[in-house]
Amino acid sequence: MQLIPKVTILDGAQMRRVVRRMAGEILEHTGGSADLILVGIRTRGVPLAEALARELEQMEGRQVPIGSLDITLYRDDLSTIGPHPVVRSSHIPGPVDGRVLVLCDDVLYTGRTVRAALDALRDYGRPRRVELAVLIDRGHRELPVQADIVGRRVPTSTQEEIRVSFEATDGVDKVEILGREEPA
Amino acid sequence: MKLLVRGGRLVDPAAGRDGRFDVLIEGGVVASVAAEIAPPAGCEVVDATGLVVTPGLIDMHVHLREPGHEYKETIRTGTAAAAAGGFTSVACMANTAPVNDERAVTEFIVTEAARHGFARVHPVGAISKGMAGEELTEMGEMAAAGAVAFSDDGRPVVDTELMRRALLYAQHFGRPILQHAQDLFLSGNGVMHEGEWSTRLGLPGIPGLAEEVMVARDLLLLAETGGRYHVMHLSTARCLELVREGKRRGLGVTCEVTPHHLLLTDQAVADTTFSTNVKMNPPLRSEADRQALLAGLADGTVDALASDHAPHHADEKDVEFSAAPFGIVGLETMVSLGLDRLVRPGVIGLGRFVELLTAGPARILGLETGTLAPGRPGDLTLLALDREVTVDPATFRSKGRNTPFAGWKLRGAPVGTILGGVPVRLP
Amino acid sequence: MNAESWHRKDLLGIADLSPEEIRLILDTAESFREVAERPIKKVPTLRGKTVINLFFESSTRTRSSFEIAEKRLSADNMNFSTSGSALEKGESLVDTALNLEAMSPDLVVIRHRAPGVPHLLAARLRSGVINAGDGAHEHPTQALLDAFTIRRHKGRLDGLTVTIVGDIEHSRVVRSNIHLLTKMGSRVRVAGPRTMLPPALEALGVEVHTELEPAIAGADVVMMLRIQLERMNRKLFPSSREYFQRFALTRERLGAAREDAIVMHPGPMNRGVEIASDVADGPQSVILEQVAAGVAVRMAVLYLLSGVREEEG
Chain A
1 MQLIPKVTIL DGAQMRRVVR RMAGEILEHT GGSADLILVG IRTRGVPLAE
51 ALARELEQME GRQVPIGSLD ITLYRDDLST IGPHPVVRSS HIPGPVDGRV
101 LVLCDDVLYT GRTVRAALDA LRDYGRPRRV ELAVLIDRGH RELPVQADIV
151 GRRVPTSTQE EIRVSFEATD GVDKVEILGR EEPA
Chain B
1001 MKLLVRGGRL VDPAAGRDGR FDVLIEGGVV ASVAAEIAPP AGCEVVDATG
1051 LVVTPGLIDM HVHLREPGHE YKETIRTGTA AAAAGGFTSV ACMANTAPVN
1101 DERAVTEFIV TEAARHGFAR VHPVGAISKG MAGEELTEMG EMAAAGAVAF
1151 SDDGRPVVDT ELMRRALLYA QHFGRPILQH AQDLFLSGNG VMHEGEWSTR
1201 LGLPGIPGLA EEVMVARDLL LLAETGGRYH VMHLSTARCL ELVREGKRRG
1251 LGVTCEVTPH HLLLTDQAVA DTTFSTNVKM NPPLRSEADR QALLAGLADG
1301 TVDALASDHA PHHADEKDVE FSAAPFGIVG LETMVSLGLD RLVRPGVIGL
1351 GRFVELLTAG PARILGLETG TLAPGRPGDL TLLALDREVT VDPATFRSKG
1401 RNTPFAGWKL RGAPVGTILG GVPVRLP
Chain C
2001 MNAESWHRKD LLGIADLSPE EIRLILDTAE SFREVAERPI KKVPTLRGKT
2051 VINLFFESST RTRSSFEIAE KRLSADNMNF STSGSALEKG ESLVDTALNL
2101 EAMSPDLVVI RHRAPGVPHL LAARLRSGVI NAGDGAHEHP TQALLDAFTI
2151 RRHKGRLDGL TVTIVGDIEH SRVVRSNIHL LTKMGSRVRV AGPRTMLPPA
2201 LEALGVEVHT ELEPAIAGAD VVMMLRIQLE RMNRKLFPSS REYFQRFALT
2251 RERLGAARED AIVMHPGPMN RGVEIASDVA DGPQSVILEQ VAAGVAVRMA
2301 VLYLLSGVRE EEG
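Chains as they are written, first to last, in the working numbering: chain A, 1 to 184; chain B, 1001 to 1427; chain C, 2001 to 2313.
In case anyone wonders, no lab produced these hints; they're calculated from the structure. Be aware that a few hints might be false.
Far from chain C by the CB rule (all over 10 angstroms, computed), these chain A residues [as the list claims (entries may be wrong)]: (1) Gln14; (2) Leu27; (3) Gly31; (4) Thr43; (5) Met59; (6) Leu78; (7) Asp148.
Derived pair list, reagent style DMTMM-like, types lysine to aspartate or glutamate, alpha-carbon separation capped at 25 angstroms [claimed, not checked]: (8) C:Lys2235 with B:Glu1196; (9) A:Lys174 with A:Asp35; (10) C:Lys2009 with B:Asp1271; (11) C:Lys2235 with B:Asp1159.
Restraint ranges, calculated between C-beta atoms of paired labels, are given here [claimed, not checked]: (12) B:Gly1349 with C:Glu2211: 52 to 58 angstroms; (13) A:Gly98 with C:Ser2058: 43 to 49 angstroms; (14) C:Arg2241 with B:Ala1295: 45 to 51 angstroms; (15) B:Asn1189 with C:Arg2241: 26 to 32 angstroms.
Even for Gly, the Cβ is constructed at its ideal location relative to N, Cα and C.
With the hints as extra help, turn the sequences into a complete structure.
Laid out in structure tokens, this is it:
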């Protein structure tokens, strides 16, 4: 099924404003904590974490450490899909015990990725607190997971997809809804 | 009892015949061979129009496994396989249990074979008692009971002195010594040919030298002892060269090769992913060896084709490669393999192919069969050169199913045998 | 072959693999290496999967390495080894296979002294089969962990010169390494006493040497093989003393290799036979890293194979 772009939800300028607001909320929630770590969920959560870190650096004048987390090994559908997806490395800067982690992902949908990410984080230690920041919350949760910081809530149908592009990885900042090609 | 085989193309190399001839058999022996014979009164007629008629084919190297290993094969199933494969005579090796190393065993085999009547069975007696390689057997007694040759096949005669005595002693009875040539020190625990493929597969190898060293030794002995010496299942180029050289010097040396050594190489072990049906002794050799054997077949160095029919129970072969016994069945595939892969591509002519299965082995074993002349046994084989067959072990008469040729599509097949003037009918 | 996913039910040898498949395993192993650095070195990936370790030949290292890899992936594992099991009581291999099949494991790891046994099992079992060494034939995970270690140090495999020294004839490690390294573009030299070189080695795409020094000269990697002392009766070489004199890797001899050459050994080592202690423990030795790499590589193999169901294999 070929999906085609139907609506642009955020263009470049809008997306940067949303990210800046999210960074502000992170500061607010964590009280400017010095032990903050941003952890991007691979793959599209990583450029979001990086964008948030840039904003935080501008606001606070200091660098926030960034990690990346591959959740493949924690997926709950490995026994039903095949062949197994490619596993990529995770990188968490330093020990996480006692620190405040903000998990970052581009889209919050069923909640299963976040569940897997929380399981994965547990193998790195015991953070003091974990928050979830997502650029888009599109609804349709299958697990009791909610984000603490949301860029934009977008009602979607399950037939649709959200495509998030980042300047760093895709050359442009943009969020689109993809849908089926309507018969002419 | 009279039988007329009429209308076929008779190929009888020993008699110098290849053409349209009828054969009349009376009282079990050939009465006449002529361009056209009118059927006498009360004569059964076999219409061989469109078929090739040959003297009954001889496989001079088979294992019938009886007595002792009846779960692998019996004289009944083995001779039925021979008849199905176009053979009227087989020579069976002595490595039974008990070993055919005395008259009683030889007589048992002859009697048992006669009872079933599917093919003539010529026992080969052991050279040494129990095939232990130590003491000579009573060759005279066995010869009198029907042993046509002597061999410890399956085991080489390692003891040089014993070999020398055997070559000398067998001459009293006009019998040849058939050697399974293998230097056991060189072959060691090898399970396939030593070469590129054993190196790739990490399997212990049996070098061609193992065979060559033994044949070279035996030919030195033969030059001094005289007598007749036959290399069984000859498998390497250099070994063939030794035999060629021996013949040139006038030694009483002959040799046989098998279809598998002519058609397959050691690469088959890799190609079949360690199939135990390509494990035999001597092992499948290199392509260079194979080409040399094909040349030896054409230039007359090779005296006979033989199958080394070695049936094993399926359970024995259904194991890891190194643990499997050596050997494959061959009685029911040899003729079609030869017609399709040797005669059809022109490696050898039909006449030469028939010679290798008739006059060749008959000369080595001193048999009356192998050619059709008045007074000779009325044994014939009928071949259909254009019949297409697919090798299907499930249809074998043999109890053994261990063949590497399963699934091969071949053109040319035996369609019947006549034994002493009686068409053989398999139940 | 799509390099982004794995489609084989079994890992029987390196000879069958494409360079893309080899690269996929090595890349996946890189990800698993990171798991060993976490405070909790266990992931739930193979929860509910059963792996049987079937060792017909004793092997402490390979078996422990597989066991750790399986446990870190949360698989349930069972060990069968020759002592005290039906394997010793003359049960045929095929019967063993059928019995295993009845327990429906997801993967079977097998070590056997006879070449081709993993292939025989793979043809009979629905489960995936991993060859953990079949006689002198193949030992694919060893070659993979060696390549993984080389790549970490040299950043690549192509264009390297790798010298392997020892009893080439009886080594499965050599065969798997030759296949892997030549596929990935390395130049492979093998060296050993003439009595330990099998025929037609050149056909495998390697340079064959019978003296140590020219074999080592300019090498990026020097891999020493274990000399099987128990084979000494088998007419291969007269004594370990004479072997050491001619073929052991000493500090002086290593000087012929590139300055940044690494020294490898699949273990277990015979110090003072094939390798001098100061080399084994020296700065160029990566022998212990190989052991660590073994766990990551085996995790990668277990992970990739467990994603393939029979119909795809």
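Comparing the hints with the structure gives:
no.	hint	result
1	Gln14	34 angstroms, holds
2	Leu27	29 angstroms, holds
3	Gly31	27 angstroms, holds
4	Thr43	13 angstroms, holds
5	Met59	32 angstroms, holds
6	Leu78	6 angstroms, violated
7	Asp148	25 angstroms, holds
8	C:Lys2235 with B:Glu1196	22 angstroms, holds
9	A:Lys174 with A:Asp35	31 angstroms, violated
10	C:Lys2009 with B:Asp1271	20 angstroms, holds
11	C:Lys2235 with B:Asp1159	22 angstroms, holds
12	B:Gly1349 with C:Glu2211: 52 to 58 angstroms	54 angstroms, holds
13	A:Gly98 with C:Ser2058: 43 to 49 angstroms	46 angstroms, holds
14	C:Arg2241 with B:Ala1295: 45 to 51 angstroms	49 angstroms, holds
15	B:Asn1189 with C:Arg2241: 26 to 32 angstroms	27 angstroms, holds
Comparing the model with each earlier hint shows violations of hints 6, 9; every other hint is respected.
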